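Novice: Spelled out from the first residue to the last, the chains are:
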Amino acid sequence: MSLTVTDLRVHYRTLRGEVKALDGVSFTVADGEIMGLAGESGSGKSTLGKSLIRLDGRMRHVGGTVELDGVELPVGDSAAMDRFRFSEVSVIPQYSMSALNPTRKIGKMVAELLASRGERLDPAELERRLELVGLSRDVLGRYPIELSGGMKQRVVMVVSTLLNPSLLIADEVTSALDVSSQKAVARTLLGLRDTGLVTSMIVVTHDISLVYQIADTIMVMYAGRLAEKAPADVIVTEPRHPYTRLLISSLPEVGVRQADKRLSGIPGSPPSLLDPPEGCRFRDRCPLAFDRCAEQPPFTEVAPGHSVACWKAA
Amino acid sequence: MLRLDGVSKIYRVGAFGGRELRAVSGVSFDVNPGEVVSLIGESGSGKSTLGRMVLRLTPASEGTITFDGTDVSAIRSRKAYYRQVQGVFQDPFSCYNPVFKADRVFAMIKQEYFPEMGRAEWRDRVESSLDGVRLDPGQVLGKYPHQLSGGQLQRMLIARALMLDIRLLVADEIISMLDASTRIDVLNLLGDLRARGLGILFVTHDLSLGNYVSDRTVVLRRGRIAEMGPTDRVFGNPLHPYTRTLLDSVPRLHTKWADEEPAAGQTPCPFHDRAPDTPVRSDLAEAEKEHYVACAGSGACPAAKETA
Ligand SMILES: Nc1ncnc2c1ncn2[C@@H]1O[C@H](COP(=O)(O)OP(=O)(O)O)[C@@H](O)[C@H]1O
Ligand SMILES: Nc1ncnc2c1ncn2[C@@H]1O[C@H](COP(=O)(O)OP(=O)(O)O)[C@@H](O)[C@H]1O
Ligand code: SF4
Ligand SMILES: [Mg+2]
Ligand SMILES: [Mg+2]
Numbered sequence: 001m002s003l004t005v006t007d008l009r010v011h012y013r014t015l016r017g018e019v020k021a022l023d024g025v026s027f028t029v030a031d032g033e034i035m036g037l038a039g040e041s042g043s044g045k046s047t048l049g050k051s052l053i054r055l056d057g058r059m060r061h062v063g064g065t066v067e068l069d070g071v072e073l074p075v076g077d078s079a080a081m082d083r084f085r086f087s088e089v090s091v092i093p094q095y096s097m098s099a100l101n102p103t104r105k106i107g108k109m110v111a112e113l114l115a116s117r118g119e120r121l122d123p124a125e126l127e128r129r130l131e132l133v134g135l136s137r138d139v140l141g142r143y144p145i146e147l148s149g150g151m152k153q154r155v156v157m158v159v160s161t162l163l164n165p166s167l168l169i170a171d172e173v174t175s176a177l178d179v180s181s182q183k184a185v186a187r188t189l190l191g192l193r194d195t196g197l198v199t200s201m202i203v204v205t206h207d208i209s210l211v212y213q214i215a216d217t218i219m220v221m222y223a224g225r226l227a228e229k230a231p232a233d234v235i236v237t238e239p240r241h242p243y244t245r246l247l248i249s250s251l252p253e254v255g256v257r258q259a260d261k262r263l264s265g266i267p268g269s270p271p272s273l274l275d276p277p278e279g280c281r282f283r284d285r286c287p288l289a290f291d292r293c294a295e296q297p298p299f300t301e302v303a304p305g306h307s308v309a310c311w312k313a314a
Numbered sequence: 001m002l003r004l005d006g007v008s009k010i011y012r013v014g015a016f017g018g019r020e021l022r023a024v025s026g027v028s029f030d031v032n033p034g035e036v037v038s039l040i041g042e043s044g045s046g047k048s049t050l051g052r053m054v055l056r057l058t059p060a061s062e063g064t065i066t067f068d069g070t071d072v073s074a075i076r077s078r079k080a081y082y083r084q085v086q087g088v089f090q091d092p093f094s095c096y097n098p099v100f101k102a103d104r105v106f107a108m109i110k111q112e113y114f115p116e117m118g119r120a121e122w123r124d125r126v127e128s129s130l131d132g133v134r135l136d137p138g139q140v141l142g143k144y145p146h147q148l149s150g151g152q153l154q155r156m157l158i159a160r161a162l163m164l165d166i167r168l169l170v171a172d173e174i175i176s177m178l179d180a181s182t183r184i185d186v187l188n189l190l191g192d193l194r195a196r197g198l199g200i201l202f203v204t205h206d207l208s209l210g211n212y213v214s215d216r217t218v219v220l221r222r223g224r225i226a227e228m229g230p231t232d233r234v235f236g237n238p239l240h241p242y243t244r245t246l247l248d249s250v251p252r253l254h255t256k257w258a259d260e261e262p263a264a265g266q267t268p269c270p271f272h273d274r275a276p277d278t279p280v281r282s283d284l285a286e287a288e289k290e291h292y293v294a295c296a297g298s299g300a301c302p303a304a305k306e307t308a
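Heads up: the sequence lines are chains D and G, in that order. Sequential numbering from 1 applies to the first sequence in full-length UniProt numbering. Sequential numbering from 1 applies to the second sequence in full-length UniProt numbering.
To be clear, the hints were calculated from the coordinates, so they are not data collected in a lab. Since the model is a prediction, treat every value here as computed from it, not as a measurement. Where hints are given, some of them may not hold.
Stretches of chain D that chain G covers, calculated by requiring three or more beta carbons in the stretch to come under 8 Å of a beta carbon on chain G [stated by the list, open to error]:
#, stretch
1, 178 to 189
2, 206 to 219
3, 237 to 248
4, 252 to 258
5, 265 to 277
Built from N, CA and C at the ideal position, the CB exists for glycine as well.
Same shape as in the complex, but just chain D (with noise of 0.2 Å):
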């Protein structure tokens, strides 16, 4: 089992007290597997990548567990964690393409900070990691701003995994780029873990439609807990959850008008986090509410690795 996270709950203080923005979450992603996290933003994604990594200074680590190929990880712990960062866990931040320091030319930049990390550079070995990824070695020489934001984000990814990390957390990568672009960069993720660069991965997204086209599973959040996770086919098409369905059929497909099938929207927005209120999350959105939803649901197994958080699921 390579990564087993078990009840974390991770808080934002805030002057206004504390935003619960990851509140008990379980899962597990095996070997081999990449799992797409979706969900509405401000549900919870990125805090959830950035708490297998590195917890910024208001993040606070409340409690749970997460345990990466056996050892656990000293996630409230940030020096602790030096030592699994980036060669054992590594992440793509979100917006890591516009952070790419624009005076250095991307060589320099790779070197630096692999040497930050005491690291050598390999100059062979990173040719042929940019070559795997589609890019020329000339990229070295080139500033950020030369690059196309496509060429940009493979950049990075091969960047993020030159220590061969067991897990990848790949944050919106593909959010700001063409369609065009965004096919490659998945199918650069896809090359990492089929070369066995990268062993599990998670491709955080607000885009089911694009990481179901190269995730193994799917893991949907609402409003700070788990929703639903189960194979990604299942999820586009019998997911069980009342949110999972009602996102899945928001999407507009090629070749769906509007003139022929209106599809709709769901009506409302997620609850805060800094007071959220008791039971199930989704109740004053949901159709299927009823009085036992005032009591959490648990996140069960209701079939083979199909987990799903809802009175009428299980």
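Please build the complex by placing chain G with the ligands on the supplied structure of chain D, with the hints as guidance.
Specialist: Showing chain G with the ligands alone in chain D's frame:
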């Protein structure tokens, strides 16, 4: 209603503006009342530049843009033009000042266009405009931007544009920052506005969104029209290799991307290898009624004119 005729835009770039960049070249198309025209292309293809020229935010370098037959660059009163034509852009958050309540965007329209109107009448107007974009006035008025969702903020901007009985809306990537759950509401709204007779130029890089709402589609590639026509024809029978590549890249829900890439090899050029008697309009061939397609481009067609 809106007509672009041979419109080009040349930017001066580089040190001291020494280099020319052709962002848009010889683009011609119309937007009629009650019609959604989607403008599709990858980033850098010139979509926003076209939208900005229509909104008179930047002048065209060549060609003309006319609104009801009048050259927009000759309309002296900007205000008169903006009463009829408004734009909404990608990032709703950047249009609001976090220090002020979100509904200040309406107050600004009042100051500019309706300084005389009484409070009660104005309030009614704001409320009916919000109603038109399916927002509950009680839920959004008096709130700060951070208390509202991106979808709500975006719909408020559309409501603001509707305060001025506009006839043409330029919507530039207004959906891309929104979550799937609210995206579709904004798209449906565009469809409803069309039904009320508004003309909409819907700029997007997402083909499935363009396909869902638009009547006609213009595919832009490197500033030029690659293909345009009725949306069902462009999507149902794409003729330009670029349109096909875009379509093949769109992630779909029930089908995964095809495994092998289509074999490169020489395929017939939809323009130069057109059937005899195909009508030609400038550098577009009318392959089917109202369905136009350009040359496949250098690399794909030996007859392609190399372009700067
Ligand atoms: N630095 C922060 N301080 C306070 N709250 C935060 C911070 N970052 C995120 N949050 C809150 O935590 C919740 C989850 O956010 P995030 O993990 O970024 O969601 P997602 O990635 O799914 O959009 C949201 O309610 C968000 O407002
Ligand atoms: N103000 C400007 N000055 C110089 N070049 C510009 C300017 N605005 C856009 N461009 C260039 O024009 C081309 C088209 O850009 P744009 O219209 O923004 O495309 P799109 O909206 O399709 O992404 C790009 O190469 C872009 O870099
Ligand atoms: S537990 Fe109840 S409210 Fe929650 S999703 Fe299921 S039916 Fe809806
Ligand atoms: Mg995020
Ligand atoms: Mg643009």
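Novice: Are any of the numbered hints broken by this structure? If so, which, sorted upward?
Specialist: Per hint list: zero violations.
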